[in-house]
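Number of protein chains: 2
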Amino acid sequence: MSKQITSRQENYSQWYNDLVIKAGLADYSAVRGCMIIKPYGFAIWEKIKEILDKKFKETGHSNAYFPLLIPKSFFCKEASHVEGFAKECAVVTHYRLKAINGGKDIIVDPEAKLEEELIIRPTSETIIWNTYKSWIQSYRDLPILINQWANIVRWEMRTRLFLRTAEFLWQEGHTAHATAQEAIEETKKMLEVYRDFAENYMAMPVIKGEKTENERFAGAINTYCIEALMQDGKALQSGTSHFLGQNFAKAFDVKFINKEGKEEYVFATSWGVSTRLMGALIMTHSDDDGLILPPKLAPIQVVIVPIFKSEEEFQKISKKALEIKEILEKQNISVQFDNDDTKKPGFKFAEHEMKGVPIRIAIGQRDLEKNVVEVARRDTKEKTFIAIEELDTQIPKLLNEIQDNLFQKALKFREENTTKVETYDEFKKVLEGKGGFILAHFDGTTETEQKIQEETKATIRCIPLENKQEEGKCIYSGKSSKQRVIFARAY
Amino acid sequence: MSKQITSRQENYSQWYNDLVIKAGLADYSAVRGCMIIKPYGFAIWEKIKEILDKKFKETGHSNAYFPLLIPKSFFCKEASHVEGFAKECAVVTHYRLKAINGGKDIIVDPEAKLEEELIIRPTSETIIWNTYKSWIQSYRDLPILINQWANIVRWEMRTRLFLRTAEFLWQEGHTAHATAQEAIEETKKMLEVYRDFAENYMAMPVIKGEKTENERFAGAINTYCIEALMQDGKALQSGTSHFLGQNFAKAFDVKFINKEGKEEYVFATSWGVSTRLMGALIMTHSDDDGLILPPKLAPIQVVIVPIFKSEEEFQKISKKALEIKEILEKQNISVQFDNDDTKKPGFKFAEHEMKGVPIRIAIGQRDLEKNVVEVARRDTKEKTFIAIEELDTQIPKLLNEIQDNLFQKALKFREENTTKVETYDEFKKVLEGKGGFILAHFDGTTETEQKIQEETKATIRCIPLENKQEEGKCIYSGKSSKQRVIFARAY
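Those protein sequence lines, which keep their order, are chains A and B. Everything in the first sequence is counted per our numbering, starting at 19 for the first residue and increasing by one. Everything in the second sequence is counted per our numbering, starting at 19 for the first residue and increasing by one.
Do not rely on the hints blindly, as some may be mistaken.
Note: identical chains are not told apart, hence a pair may lie in one copy or across any two.
[What the hints assert, rightly or not] Below, simulated DSBU-like cross-link-like pairs (lysine-lysine); rule was C-alpha separation at most 35 angstroms, straight line:
id	residue 1	residue 2
1	K273	K361
2	K486	K72
3	K314	K75
4	K206	K131
5	K452	K475
6	K40	K73
7	K500	K475
8	K277	K362
9	K361	K399
10	K151	K491
11	K75	K337
12	K327	K280
13	K446	K500
14	K116	K131
15	K116	K151
16	K40	K67
17	K447	K314
18	K314	K72
19	K277	K343
20	K252	K446
21	K348	K75
22	K116	K268
23	K40	K105
To be clear, the hints were calculated from the coordinates, so they are not data collected in a lab.
Start from the sequences and build out the full structure, keeping to the hints where you can.
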């Protein structure tokens with residue numbers, strides 16, 4: 019079977035695009051920068067949503083829904099927020115179309131101009147804090163712990179499927195607290211939820227850290243993040259959690275009476291992950307034959323392919339395949355029996371590899387006679403024969419092994435691609451060579467950070483939490499530094 | 019405890035608004051016509067989504083996601099579609115804001131004007147059929163059975179929480195088929211899914227029917243619907259399923275090679291329900307004390323309220339309450355133990371009645387001694403004492419009884435408020451009096467339908483499926499008619 023997609027070595031970026039299309043994850047749309055999430059891709063996103071949603075609820079959050087459209091004036095209330103988002107937002111100016119030329123053409127009705135333009139939400143802090151104003155009077159109304167699953171529009175100039183699109187899907191948590199300490203704890207708690215999800219479900223190791231001032235969310239006091247390393251040595255920010263202090267409360271005049279009877283501004287957090295995680299998932303594990311999915315996020319965990327020469331064989335194998343399907347489904351394993359008789363086994367094998375199905379079971383006539391099946395792992399491509407009566411214990415075990423192996427492999431990759439450097443020359447050499455995470459001393463100034471970025475396109479991904487304190491000299495300025503930060507080129 | 023909301027008799031419309039706000043279901047927003055769905059309201063919507071989503075998947079559908087923004091030119095491709103939606107759509111014309119006056123003010127950047135304006139989807143037929151064009155070549159690619167959960171904007175002039183809002187949440191199924199017959203079957207299958215959901219989960223009886231030409235979806239050959247009757251005698255269209263024929267395939271040039279090797283246009287359906295169902299749910303069951311929820315859609319099915327005079331009593335009662343909670347949760351019943359000690363029992367009772375919790379369990383010191391609890395039904399307000407060891411069997415039984423009672427009560431109401439009339443005078447008298455569904459003969463012309471609507475504000479809700487055929491005379495024109503249709507004033 020010929021290769022269906024460009025290899026990673028040949029062109030990593032093209033490999034990614036080919037894979038997204040060929041695995042049926044997403045498609046380009048007729049609308050600039052907007053993607054179509056196809057059923058198979060959406061099924062993975064639904065798994066991600068379901069698991070995260072459960073974790074949000076377990077940590078006391080409720081879902082709600084706020085308007086898509088935000089009055090322009092709301093954006094101006096928080097200075098750094100408007101600066102961060104003004105350059106990339108979709109603006110609604112009219113509310114009606116009108117037929118002209120006897121109905122042949124249609125134009126925007128100039129008489130239906132809005133008094134105040136509306137912005138399609140690029141994030142919802144402003145509309146939500148404008149709402150919280152009427153919900154919060156006293157400390158008894160706090161905390162408010164709300165999450166929203168929504169679509170977002172940011173008018174990005176260069177877009178890539180899942181990684182950067184004008185419209186994307188995400189969740190945004192928006193919480194309100196009586197004290198700064200409680201809000202900071204919330205910020206860190208949700209960061210930990212993201213880490214747990216990334217590592218234990220996506221099988222993607224991440225580093226928890228704090229952003230520098232330069233990389234903070236527009237309107238935040240502090241931005242925390244999880245950073246992952248992709249196979250091409252570039253970093254991908256996979257989730258952020260912001261401590262917003264009283265910035266939005268002040269912008270929208272949200273005060274409460276505290277326990278001591280004094281009026282005070284409310285403290286805020288916001289945190290989010292998006293369909294970008296799909297890009298991270300793809301790039302962390304996949305290979306030149308297609309997608310590799312960790313079993314916990316795979317819509318189909320096991321596919322059964324019958325191998326037969328006659329209708330009689332097909333009938334016998336089908337019967338056994340359906341029995342196996344039933345046995346595995348009882349263990350909460352999702353199984354597809356691929357009984358399409360218009361495609362040959364080899365074609366099916368390649369197709370399921372492209373789609374990243376973790377385990378493939380092949381059954382032929384001889385296997386039936388011996389009461390075994392051939393089991394192939396997608397991650398290592400290893401094949402073994404397993405007795406049919408052992409499948410109910412062996413398959414769940416194998417799924418766990420695959421999940422674990424993917425994480426360990428990605429972790430090993432990250433460790434091998436994390437380099438400590440002491441000088442700027444060394445820094446540039448590593449960056450141009452193997453790439454990856456670079457641990458280097460940094461003087462803590464935005465000036466130095468921006469100079470390094472201009473000269474090398476590397477950014478500070480984060481200052482790791484609980485970072486080791488050590489004396490050193492900034493690789494760029496030579497000024498004294500107390501800790502190393504993580505640099506990388508990033509998506 | 020004083021009444022918290024306007025009574026239905028005093029002002030039905032005000033009662034509805036008061037209830038939505040006081041029960042914490044939704045809130046007005048700063049954006050004209052857009053609502054905020056609050057956590058309690060959203061929890062009900064999540065239940066609705068979860069149940070419907072399961073039914074869609076069981077009937078072979080997959081979820082996907084298509085862009086929010088649709089190029090203006092797409093709308094012009096299907097003539098009746100653009101006519102139906104052009105007058106009420108939000109138009110994006112620019113993609114950037116710009117600071118002026120040294121950053122004090124912000125305006126829409128005139129240099130960031132889009133070449134072609136984008137419409138926020140009022141429904142997605144156009145963008146989806148433009149996409150299907152590249153997905154469909156042969157009959158082997160069919161059927162395509164896709165559903166999307168999404169937000170929609172229709173610039174309504176008069177809005178009401180849940181019932182009619184500029185932005186709302188919905189699901190829209192969009193399927194593609196090789197034959198008209200298969201598409202019609204799909205249309206009816208999904209109508210039946212809606213009926214089943216309305217009756218067996220919402221406990222809301224509905225009539226399945228076909229719309230007249232005048233009331234059809236813009237671009238449909240046939241629109242089927244489920245119609246429910248609200249307590250004020252007005253009808254509410256609760257779901258629609260459209261057979262679109264080849265209209266959208268022709269507009270977007272979507273052809274396929276059929277089994278005979280001939281090129282043909284693809285057949286389409288679309289079907290949807292929205293957050294409007296929340297309005298229907300509220301108006302079908304609730305009373306002057308607040309919301310009444312059918313147990314299958316109640317986020318909290320049982321609330322336990324402790325009644326105590328001392329800390330010691332509270333401790334003992336709490337222990338028992340938590341035991342009961344655990345027992346009921348094992349039966350998959352959602353239980354809240356309301357142990358807030360800042361509110362009195364009477365206040366809590368009123369609050370849980372307002373929120374429509376189906377069953378309230380009250381436990382006092384004496385009950386503990388007798389090993390019983392007081393169980394109150396929200397629907398009938400009946401109270402009984404039940405022995406604690408019987409709760410695990412009695413509470414599930416009671417929840418079923420409540421679910422059934424709500425349906426029977428609503429069905430009885432609809433039957434009592436469905437009237438056969440033979441003359442236009444009688445028609446007008448019933449309409450002005452008790453309202454409700456009116457079964458009348460009709461000559462089948464759009465002219466008559468529109469005249470009746472102009473004169474009485476009543477519309478034809480539907481021609482019931484499997485309608486009894488009988489000879490009669492149109493109440494308006496006197497022309498001969500073969501069947502009665504359902505008239506009503508509607509939301």
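Verification of the supplied hints:
| no. | hint | verdict |
| --- | --- | --- |
| 1 | K273 x K361 | between (66 angstroms within a copy, 24 angstroms between copies) |
| 2 | K486 x K72 | within (34 angstroms within a copy, 49 angstroms between copies) |
| 3 | K314 x K75 | both (19 angstroms within a copy, 20 angstroms between copies) |
| 4 | K206 x K131 | neither (44 angstroms within a copy, 41 angstroms between copies) |
| 5 | K452 x K475 | within (15 angstroms within a copy, 74 angstroms between copies) |
| 6 | K40 x K73 | both (32 angstroms within a copy, 29 angstroms between copies) |
| 7 | K500 x K475 | within (24 angstroms within a copy, 77 angstroms between copies) |
| 8 | K277 x K362 | between (72 angstroms within a copy, 21 angstroms between copies) |
| 9 | K361 x K399 | within (21 angstroms within a copy, 63 angstroms between copies) |
| 10 | K151 x K491 | neither (47 angstroms within a copy, 60 angstroms between copies) |
| 11 | K75 x K337 | between (42 angstroms within a copy, 24 angstroms between copies) |
| 12 | K327 x K280 | between (82 angstroms within a copy, 32 angstroms between copies) |
| 13 | K446 x K500 | within (21 angstroms within a copy, 85 angstroms between copies) |
| 14 | K116 x K131 | both (12 angstroms within a copy, 19 angstroms between copies) |
| 15 | K116 x K151 | between (39 angstroms within a copy, 27 angstroms between copies) |
| 16 | K40 x K67 | both (23 angstroms within a copy, 30 angstroms between copies) |
| 17 | K447 x K314 | neither (38 angstroms within a copy, 63 angstroms between copies) |
| 18 | K314 x K72 | both (14 angstroms within a copy, 20 angstroms between copies) |
| 19 | K277 x K343 | between (59 angstroms within a copy, 32 angstroms between copies) |
| 20 | K252 x K446 | within (14 angstroms within a copy, 73 angstroms between copies) |
| 21 | K348 x K75 | both (27 angstroms within a copy, 19 angstroms between copies) |
| 22 | K116 x K268 | between (42 angstroms within a copy, 23 angstroms between copies) |
| 23 | K40 x K105 | within (34 angstroms within a copy, 40 angstroms between copies) |
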